[in-house]
Amino acid sequence: MKKIKFIIKSDLENVALAGMSINKLCSLTTMDDSQSFQMELCAVEAINNSIIHAYNNEITNDVEIYLEIADKYFQLDICDRGKTMDKDILERADINLLKDNFDNPEEISESGRGLAVIKDVMDKVTYKSVNGINRLTMIKYI
Amino acid sequence: MKKIKFIIKSDLENVALAGMSINKLCSLTTMDDSQSFQMELCAVEAINNSIIHAYNNEITNDVEIYLEIADKYFQLDICDRGKTMDKDILERADINLLKDNFDNPEEISESGRGLAVIKDVMDKVTYKSVNGINRLTMIKYI
Amino acid sequence: MEIYEEINDGIAVLTLEGRLDAVSSKGLKDAVNELLKKEKSSIVLNMLKVDFIDSSGLGSLVSCLKTVNNERGDIRLASLQDQVRAILELTRLYRVFQIFDDSDTAVKSY
Amino acid sequence: MEIYEEINDGIAVLTLEGRLDAVSSKGLKDAVNELLKKEKSSIVLNMLKVDFIDSSGLGSLVSCLKTVNNERGDIRLASLQDQVRAILELTRLYRVFQIFDDSDTAVKSY
Ligand SMILES: Nc1ncnc2c1ncn2[C@@H]1O[C@H](COP(=O)(O)OP(=O)(O)O)[C@@H](O)[C@H]1O
Ligand SMILES: Nc1ncnc2c1ncn2[C@@H]1O[C@H](COP(=O)(O)OP(=O)(O)O)[C@@H](O)[C@H]1O
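Chain order of the listed sequences is A, W, F and H. Using this note's numbering, the letters of the first sequence correspond one by one to residues 1 to 142. Using this note's numbering, the letters of the second sequence correspond one by one to residues 1 to 142. Using this note's numbering, the letters of the third sequence correspond one by one to residues 1 to 110. Using this note's numbering, the letters of the fourth sequence correspond one by one to residues 1 to 110.
A couple of the hints might just be wrong.
20 Å max Cα-Cα, derived SDA-like pairs, lysine to any residue [what the hints assert, rightly or not]:
1. A:Lys99 / F:Ala31
2. A:Lys2 / A:Asp77
3. A:Lys3 / W:Glu91
4. A:Lys99 / F:Lys29
5. A:Lys124 / A:Thr60
6. A:Lys2 / W:Lys128
7. W:Lys128 / W:Glu91
8. W:Lys2 / A:Lys124
Source of the hints: derived by calculation from the structure; they are not laboratory data.
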């Protein structure tokens, strides 16, 4: 099993660094380019959420990203020490329930898709807050 | 300026994860594939040294890698808390002074090229030990 | 992300290069607003070189679409990379955008 | 790293794939020692798919060369990627290895 941890300051400018690294490291698995892109996407969505929602866009905090590559799974843990998310939000997020009315572009939302995308792409998504550390765990079986 | 920190356990199995990430992140600069490869090479040489020489191949320690990408430079700091290197070794390392006798393969060394390669590729290389933290700083101007 | 503006047969083509994400989405909205100021509301986004998009990037596309729709214009997408197209499909947003294989076809569709 | 063994016109060809580094260098030495046990000391390393090499990888090449030289054999390198070749040049090690554009030419050179 291979492991690496990334730490970035909570500045959106740094998110691509973690995302691109994670995409590249998917090449150590059997994942193809499209799956690697999706792993990057989930990482970016979750890190963006920590920066924007948990840290309210203050750029001086740390976001920690744990990557674990095993034979049978690919695991990403995104951790912050900011505002804890209400667990119901994650539970309710569902790509099939996005309330967009495609007949009227005015009614299409400009946000609110991140967690639904993560849950659709990943095989297992959990959120825990322990001792002030919020941790979103995403697992993809390979 | 963009910054990311990588932390790996001092197991050679993890070195490629940091190396490949760093190579990929060079694409955020004007460096070409060959220069990106060289940045990966220097990172890998330095991390290997921390694991093998500073930590004597014990796999339970941390190696921390700081990457900073600015408009004009690319900086890698490799940190360990193991045995401190004698600064003279770094000063003496020189690609032109590798004492290989190419006429007789028996006399060609199987090791001892890492620091010389790093000094040849990078524009500035320094080593400091403060409060038990050893830090090799490598800068490439771009 | 880099954004290049060009007028092709009277249609504004914005060629995007790089990542359409939380960092660059404001730049796209700004570029579209600049076009509207010049009364260019029939717009093509050439996305051949967009190699990453996330939900903020999708959000900026939706936002731009709403803005130009209000001016009776449209935003049509061209040359999506496979993985970018896949995310538009995942989120069903391909239903609200007209998507073309290349920028010229998108221009001619107006 | 993956190592594939093949006999071509009586010459042993080891095709390497991946990273020749501190993790994989022992595997290369083992593979060469296996060949020597089978009295195959004229060896070609097809490095077309070696996309990374570090100083431990170089060290393993030198080590293998010494071992086969002792059996009056040789290790010849074929199909180096540009960046791998550059590191052999940087360290002057291209002077001790015979390097060929492709594996067949290396085999025929014996
Ligand atoms: N890491 C987090 N910390 C706190 N709140 C969060 C976090 N992630 C998501 N949320 C909450 O969940 C909502 C939905 O998130 P998401 O589906 O990613 O869409 P968006 O971020 O576009 O609003 C957010 O608007 C926010 O209120
Ligand atoms: N991070 C380090 N900590 C302690 N000693 C080191 C470190 N890096 C290098 N050294 C010492 O410097 C020597 C030369 O290192 P290097 O040029 O990388 O070649 P090699 O690692 O193959 O011996 C090593 O053998 C070791 O004694």
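List of violated hint numbers, smallest to largest: Hints 1, 3, 4, 5, 6 and 8 contradicted; others consistent.
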